[in-house]
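> What follows is the residue order along each chain.
There are 2 protein chains.
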Amino acid sequence: MDMPTTPLETEVESQQDPGPVRAQYADFDGITLESGVFLGPLTVAYETYGTLSPNRDNAVMVLHALSGDAHAAGIDEQGRVGWWDGMIGPGKGIDTDRYFVICSNCLGGCKGTTGPPSTNPATGRPYGRSFPIITIADMVDVQAMLVEHLGIRQLHNVIGGSMGGMQALDWAVRYPDRIKSAVLIATTARLSPQGIAFNWVGRNAIYCDSARGSSSEHDQAQPKTARGLAVARMIGHITYLSEETMEAKFGRKLALRDLNGYRYSLGENGKTEGEFEIESYLEYQGTAFMRRFDEDSYIIITKAIDHFDLESIYGDLTRAMENIAAKMLILSFSSDWLYPKTMSLTIMRALQAVKKDVSFVSLDFPYGHDSFLVKDAMPVLGRIIRGFLNGVSATR
Amino acid sequence: MDMPTTPLETEVESQQDPGPVRAQYADFDGITLESGVFLGPLTVAYETYGTLSPNRDNAVMVLHALSGDAHAAGIDEQGRVGWWDGMIGPGKGIDTDRYFVICSNCLGGCKGTTGPPSTNPATGRPYGRSFPIITIADMVDVQAMLVEHLGIRQLHNVIGGSMGGMQALDWAVRYPDRIKSAVLIATTARLSPQGIAFNWVGRNAIYCDSARGSSSEHDQAQPKTARGLAVARMIGHITYLSEETMEAKFGRKLALRDLNGYRYSLGENGKTEGEFEIESYLEYQGTAFMRRFDEDSYIIITKAIDHFDLESIYGDLTRAMENIAAKMLILSFSSDWLYPKTMSLTIMRALQAVKKDVSFVSLDFPYGHDSFLVKDAMPVLGRIIRGFLNGVSATR
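Chain order of the listed sequences is A and B.
So for the first sequence, the numbering used here puts the first residue at 35; every next one is plus one.
So for the second sequence, the numbering used here puts the first residue at 35; every next one is plus one.
The set of hints was computed from the structure by calculation and includes no laboratory data.
Among the hints, erroneous ones may be present.
Identical copies look the same in the list; a pair holds intra-copy or inter-copy alike.
Stated by the list, open to error - Heads up, simulated DSS-like pairs for lysine-lysine below, C-alpha to C-alpha not over 27 angstroms straight-line: (1) Lys283 to Lys375; (2) Lys375 to Lys287; (3) Lys390 to Lys283; (4) Lys409 to Lys126; (5) Lys409 to Lys287; (6) Lys283 to Lys409; (7) Lys375 to Lys409; (8) Lys389 to Lys375; (9) Lys389 to Lys126.
Could you build the full structure based on these sequences and the hints that come with them?
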């Protein structure tokens with residue numbers, strides 16, 4: 035899928051050692067949400083990589099998943115590597131020598147864009163659980179405001195996995211003249227009842243948590259060390275991994291082992307310590323997430339994911355697809371049981387039914403839903419995405 | 035698989051309207067657990083159905099799963115129908131006109147057999163989280179004590195699904211001369227890391243619960259209305275159902291619907307109300323379970339399930355199987371993703387490798403792991419089990 039070089043390549047200057055990546059912020063008066071509620075003021079945190087071409091026609095918008103943020107690539111001032119650094123950069127899948135890449139934290143998030151941890155101007159305190167209901171469409175509308183703010187009339191591409199893929203699809207459906215192409219990775223036009231059920235249970239783990247309590251009037255000054263969010267994240271991690279990866283990576287190996295071949299220890303807080311390695315892994319992931327994420331953002335964003343349903347809005351998925359003008363690429367992973375291949379095929383068939391320009395690739399990575407984030411998948415994924423993006427340049 | 039009638043049929047008198055089923059109790063001084071800890075005194079709650087033959091050779095021991103109890107069949111004094119009433123009774127799969135059926139609550143349970151809610155004689159208070167570690171083998175040893183107590187030298191059969199199937203397998207391996215046959219349903223010789231992970235997350239939902247707190251010194255007099263156990267049960271329910279059943283039964287149907295097609299309501303305790311039907315279903319199941327089960331039993335029993343691993347104990351699964359004398363029947367369900375068919379095949383192949391008498395049936399019910407409890411599966415399951423049980427009578 036290697037494509038010939040395009041004129042763009044000569045228009046964009048290579049960036050030499052750009053230094054640490056810094057978040058930028060765009061401020062808006064507010065937005066009227068799909069529910070009718072006005073939310074304002076509104077801040078959007080974003081990062082950019084590469085250089086916008088003089089024609090402003092080389093912008094690629096990267097859309098993060100549930101737990102992502104604006105820091106998609108490079109190294110920030112705290113030394114953290116971006117969540118998709120393997121994909122975005124000079125010579126990579128999304129080549130910053132060629133494209134101007136934008137990634138913003140989604141509406142409702144907790145990493146700089148307005149969300150539950152932001153101050154509610156009506157009360158002077160954080161919104162917390164009083165943050166209004168938001169939808170995937172609201173998130174996309176905020177992204178469109180940012181794109182306009184940056185003076186970009188049309189994006190070369192929108193690309194995202196999981197929830198980011200829902201947004202990419204929504205962009206294609208509702209902003210047909212604002213994007214030239216879209217890449218949908220490991221996503222769906224609507225979540226399965228099983229996916230809804232897992233999200234529901236995760237939220238319920240948060241609701242029954244001891245550290246924050248079940249009151250919506252909890253003390254916002256209290257440090258958030260709530261285990262409920264850790265448990266929710268653990269549930270998520272199980273669904274993001276394939277059974278095959280779990281077997282290969284952890285199996286039934288014990289992290290601690292006594293002479294009887296097992297160890298059952300209660301920590302001083304009545305909490306078990308990791309025993310099987312899979313338990314230690316989940317404990318680590320859950321605890322780390324608890325420290326870096328906001329539980330009310332988790333609640334509000336998972337609800338938005340659950341309710342995304344183009345078929346329900348348009349009455350029929352093909353009707354939703356009718357307006358699409360973008361060249362579409364759909365990628366799915368055979369080991370993904372949360373957003374299985376059948377869901378991607380449903381989108382593809384609806385696009386084909388209304389004769390849209392769509393390519394579909396199913397990849398046999400063993401890593402499950404998270405394949406698009408796994409380092410070992412980057413060479414193959416990067417080649418496919420680079421080829422697609424350059425093909426869009428060449429043909430339009 | 036219909037078998038000819040056997041002499042047993044004439045030996046056993048039919049029971050006419052036996053009235054409500056009553057739990058019985060057997061008391062023992064105690065048991066030395068696999069860990070070396072002595073646990074005593076020990077009470078075992080059990081029920082029986084049908085009549086023990088004069089030769090005491092028609093006893094079938096039914097082994098319940100994680101959330102089961104001794105009340106397997108008939109209607110008890112509170113009007114509750116037994117958890118496997120569709121399988122056990124006159125003319126049913128396990129025919130009480132022919133067999134004397136025993137079902138006991140497992141060690142560590144909370145329905146009459148000694149477990150965390152029982153009084154610790156050393157303190158005069160319930161064991162709670164100080165209850166010692168138990169294993170599947172400990173549960174089986176207690177069942178064997180009960181069988182001896184009932185004056186039965188050899189069981190015609192042991193039968194169970196899920197954790198009950200683990201016990202049936204352990205019976206066959208460690209008590210070869212005490213059983214004539216065993217039926218293993220939707221079970222495994224060891225749980226997958228994914229299964230371990232789901233159990234770990236369920237326990238962690240309990241540990242972070244607000245109502246009981248994380249202290250092992252919680253007030254035992256406090257009513258158990260802890261949501262953590264409900265969340266753990268919800269996770270379990272997702273894994274017990276197939277994706278196919280969830281789609282057919284719930285899909286994305288909403289339990290409540292406003293004009294915008296969705297409703298997002300926070301109850302007065304910050305708890306969401308059911309919104310999608312799958313959410314209402316899980317909420318109902320979780321809440322009901324919370325009221326009828328003990329969270330410390332849940333912890334101790336899921337740990338026993340996680341640690342069951344014949345390969346680890348015997349070094350090799352075929353070596354574990356070498357002593358088996360029982361005629362074995364293994365049933366698995368193609369829609370069961372928690373205890374998938376491959377796990378049953380692993381047991382079957384190990385049995386075949388050491389030339390044991392084993393039959394294997396894979397059934398295409400759409401109901402997932404719970405197929406053995408689903409009413410619509412009873413006619414087929416009952417026919418297979420009845421045929422197998424009668425075949426054992428005829429040939430031995």
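> Name the hints, by number, that the structure is in violation of.
Numbers 3, 9, in rising order.
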